[in-house]
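There are 4 protein chains.
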Amino acid sequence: MSKFYAIIVGAGSGTGASVALRFAKSYSVVLLARKSTNYQPIVDEIRAAGGSAFGYTADAADPASVDTAFSQIDKDLKGVQLAAAVYNANAGFAYKPFLDLKPEDLDTSLSTATNGLFYFAQKAIPRLLAAVPSSPHPPSLIVTGATASIRGSAKFLTFAAGKFAQRGITQSLAREFGPQGVHVALAIIDGGIDTPWGKDRVVNNGVEDGKISPEAIAENYWHLHTQHRSAFTHELDIRPYVEKF
Amino acid sequence: MSKFYAIIVGAGSGTGASVALRFAKSYSVVLLARKSTNYQPIVDEIRAAGGSAFGYTADAADPASVDTAFSQIDKDLKGVQLAAAVYNANAGFAYKPFLDLKPEDLDTSLSTATNGLFYFAQKAIPRLLAAVPSSPHPPSLIVTGATASIRGSAKFLTFAAGKFAQRGITQSLAREFGPQGVHVALAIIDGGIDTPWGKDRVVNNGVEDGKISPEAIAENYWHLHTQHRSAFTHELDIRPYVEKF
Amino acid sequence: MSKFYAIIVGAGSGTGASVALRFAKSYSVVLLARKSTNYQPIVDEIRAAGGSAFGYTADAADPASVDTAFSQIDKDLKGVQLAAAVYNANAGFAYKPFLDLKPEDLDTSLSTATNGLFYFAQKAIPRLLAAVPSSPHPPSLIVTGATASIRGSAKFLTFAAGKFAQRGITQSLAREFGPQGVHVALAIIDGGIDTPWGKDRVVNNGVEDGKISPEAIAENYWHLHTQHRSAFTHELDIRPYVEKF
Amino acid sequence: MSKFYAIIVGAGSGTGASVALRFAKSYSVVLLARKSTNYQPIVDEIRAAGGSAFGYTADAADPASVDTAFSQIDKDLKGVQLAAAVYNANAGFAYKPFLDLKPEDLDTSLSTATNGLFYFAQKAIPRLLAAVPSSPHPPSLIVTGATASIRGSAKFLTFAAGKFAQRGITQSLAREFGPQGVHVALAIIDGGIDTPWGKDRVVNNGVEDGKISPEAIAENYWHLHTQHRSAFTHELDIRPYVEKF
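Protein chains in written order, with UniProt numbering: chain A, 1 to 245; chain B, 1 to 245; chain C, 1 to 245; chain D, 1 to 245.
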C-alpha cells in the first residue's frame, strides 16, 4: 500500500470512477458513495489491477455520516496520509420553471453541492495540511464544478444555487489554504460527460468526442494535483472542442 | 395610496431604510423585517412625509413566515400591484478561519441569502408578472449583493457561499423572467456602507465619502427600476471612488 | 451657456446623438465627429431647443486631429469646465473568418477603439481633474463598450481585439483616477441598437423593444455621470429584456 | 527528426526557454526571437541533449519579418508538421502614470501583444489545421497571458491594453478553430516568474517558490497541448501558492 491515499466522494459517476482509477496508479484510493453498488465495481477493478482501494458508504449531505466514514478511514488506513481529495458528489436537480419548484428542490441541491462540500472539506483539509511536508505533490482538494458554477439560467436555478455556492466555498478555501501549501481547485466541466449510462443522450449533434471523456477529466485532475506549488491553477475550464461557449 | 407598491425585505438596515424612503416617493412601500422595531421608524417617517407605508414582521428564512406576510399584504393592499421587490435581508456571518466554523454557520448564511431569496422570489415573481402590463416601469426584483457575491476569501467562506448562491439564483431568474418583462438585477455592493450604527467603523482610512452612502445605493436601485426594458442592467457594481478593486 | 460642458466623440451614431441631447439638458455640449454632417443636425437640434452645442470635425484615431480639436475647444469654451467626456467612436470592422482578415483590418479596429480612446483620455482626463472641485457631479469619462468587450467570437476577432483593449484601458483609468475624483466607467452594450438607419435590421425576432433605445442608453450614461462618488459603478451592462445572455 | 515540430515565439525569456526544452522532448522545436543571442543557447542545449532545434531571427511585431521566417521554416522543415505554436513574445512596457505616457508607449505594447499575435496566428493556424488529422495531440496554439489580461490597473495601462486585446483575439480564435480541431488556449500567468536575470527581484517576500518556476509553466503548456479534444481548457490561471488573488 502507498504511504498516501486519495479520497473521492461521488465515486459512482463516470467522472468519479475515472478519477479513482487514475489516482490509483500512484496512491491508495478511498471511495465514498451513497451505495456500495456505486463504488464496489471500481474497488474491485483497482484491486484486480494490483492497486489498493477501499469503499465506504456515506451520504455526503449528512455530517454524521461523513464523520463516521472518516473515523473508519483513519483506522483502516492508519499511517497513510491524504494526498488528494476530490469532491465529485452530485444530487440530481429539478429541471423546472422557477414557479414549479419547491423549497425542497433547493435544499436538495444545496445539501450536496454546498453543505456536503463544507463537511467534506472540514474533514479533508486538516488531513491535507498534515501531508504538506511529506506529500510527493502539493496535497490537493479538487472540486467538480459545472457550467452552472459560473452561469445561472432558466430551469437550472437550483443547480446554479448549489454550484455557485460551491465555487464561493472553493475560492475561499483556495485563498485560505493555498499559502499553507494545500492546492484547492475548481474544475468547471462545461459540457456533457460521456458516461456509460448516458450513451443514448445526444450532445453536440452526436459528433465524435462531442461528450467529455471521463478519462480526460481524470487526466486533468491528476495534472492539477501534480502542479508545482509555484504554479497552481485555481479554476480550470474543461469542454469539448465542439462545445459552444 | 398609489396603485403600485414596492416591497423591501431587510428594511432595518441602512440600505433597506434608504431604499424604502426613495421608492416611497412614487409608490406605497411595504417593509418586512424580523422585528417591528426595525421597520416602524421608517414606516413612521414615510407616513409623516405624506407617503404610504406598511410594516410586517417576518423571518425571510422561514417560508411559512413569508407566506403569512404575503397573505396579509394581499389583503391590506387589495388592488394595489407590486412594481418593485427588493431583497436586502442579511444574516450576520461568522468571520472565522474555516476550521473554526460549524455547519450551523453555513446554514445561517444560506438560510437568509439563498433560501430566503428563493422563498421571497416565489411570492414576488407572480405578483411582478401580473403588474407587467400596467406598471409605470418594468416590474423589478432587485437583490443586494456584496463583494462576496463574486469573490470568495479567507474568513468570508460562509458569507461567500450564501452570496454566490444568491447570484446564481438572481441570474437564473433574470434569464427566465426578463423575456416576460420582469427586470431582475443584482447590485454588487463593493465597500463599507455608511450606516448610522457603523459610524465608528473606519473604512478607506476614514476619507470623506469612503463609505457608501445608503441614499446613493437607493438612487441606484431606483435607476435600475426605471430602466427602459430595451436597456436592462443585470449586474451593477457599486463602490466608493477610493475603493481598491 | 452653462459653466460646464460635456464632450461626446462619435456623435454621429444613434447613441452619440442621444447622449448629446441628454447631456445638453444640463451642460453645453461639444460634439466631435469625422464629418460635420454627422454632428451638425444634433448641434442644430440642441440649439433650436435653447441649448448650447458646438461641433468639431476630428478623427479620433489621429492624435494631431484630436489635439487640434481640443485647442480650438479650449479657445471657444474659455472658462467653461469639462464635466463629462463620452467616448463613443466606432470604426466599422471586418466581419470575416480569421484567415480572410488583413493586418489592416486589425489596425482599423485598434486605431479607433484603443488608440483613439488613449488620445482622447489624455486630453480629457486633465480637464476632468481640473473640474473635480467645482463640478456638480463627479467629472466622468464614459466609454461605450459592446458584447465584444468581454467575449471574443468567430468573425468578431478584430472588433474584440479593439474592444477588449478598450476595456483594459478603461479599467486602468478607473483605478488610477477614481481616487482623484474622476469617475471612469464602461457601458457594455449587449444588443442591437435601434438607430434610425438600422430600422430594417431584424433583431430578437423583431419583438417590440428588442433593440436598445439610444435614449435609454443616454439615460444610463446620465445616471453614471450623476452617481455619488461614494457609489460609483465601473462597468454597466445594458441589454434588451429579450436578449439571450 | 520528429515528424512534428513546435514553434515558440519569444524564446529568449525564461518561459520561452523552458517551453522549448519541454516540447523538445517530443518534437523538433523552432525558436523565434529578435536576436540570435536569445535563442542560440537554447538551440544548443536542445541539440546537446540529442533533440532537434532551429532558431530564426524575427521581429514578432513586423509582418514581413514573420512572413520571411515562416517561408524559411517551411523550407528547412519540409515535410515536418506543426503540432504546437506558443506565442510568448513580450515587449517591455512603460510603467508610468497615464499622463506621462506617450502614444508610442501604447503602440509598443499593442504591436507585440496584439498585432504580433495576429500575424503569428495567421501563419500558424493554417499549418495547425493541416496537422489535425495526423498530430499525436490536438494541434495547439498557446498564448502567454498575464494578470493584465484580465485586470487593468494604474501604471499598467499600456500593458493591459495589449494583454486584453490578446485575450480577445485568443478567445475569438478558440471559438472559430476549436470545432475544426485546433486547441487555442490562454495561460494567465498571475505572478512573478523565476527567471535567471530576475533572481534579485523580491516577490512574495522572498518566500521559497514564491516566484513561478518556468519549468512549471512549461509543464502546464505541455498539459494543455496533450489534452484530449473532448476536454479542452481555454483559459488556465497559473500562480504561486502564496500569491494574493
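For the record, the hints were derived by calculation from the structure and aren't laboratory data. None of the values given here were measured: they were computed from a predicted structure. Incorrect hints may appear among the rest.
Note that identical chains are pooled: a pair holds if it fits in a single copy or bridges any two copies.
[Claimed, not checked] No more than 25 Å apart at the CA atoms, straight line, and that leaves these computed lysine to any residue pairs for SDA-like: (1) K123 with N38; (2) K123 with P97; (3) K155 with T37; (4) K155 with N205; (5) K35 with L129.
(request) Check each numbered hint against the structure and report the violated ones by number, ascending. (result) The structure breaks hints 3, 5; every other hint is satisfied.
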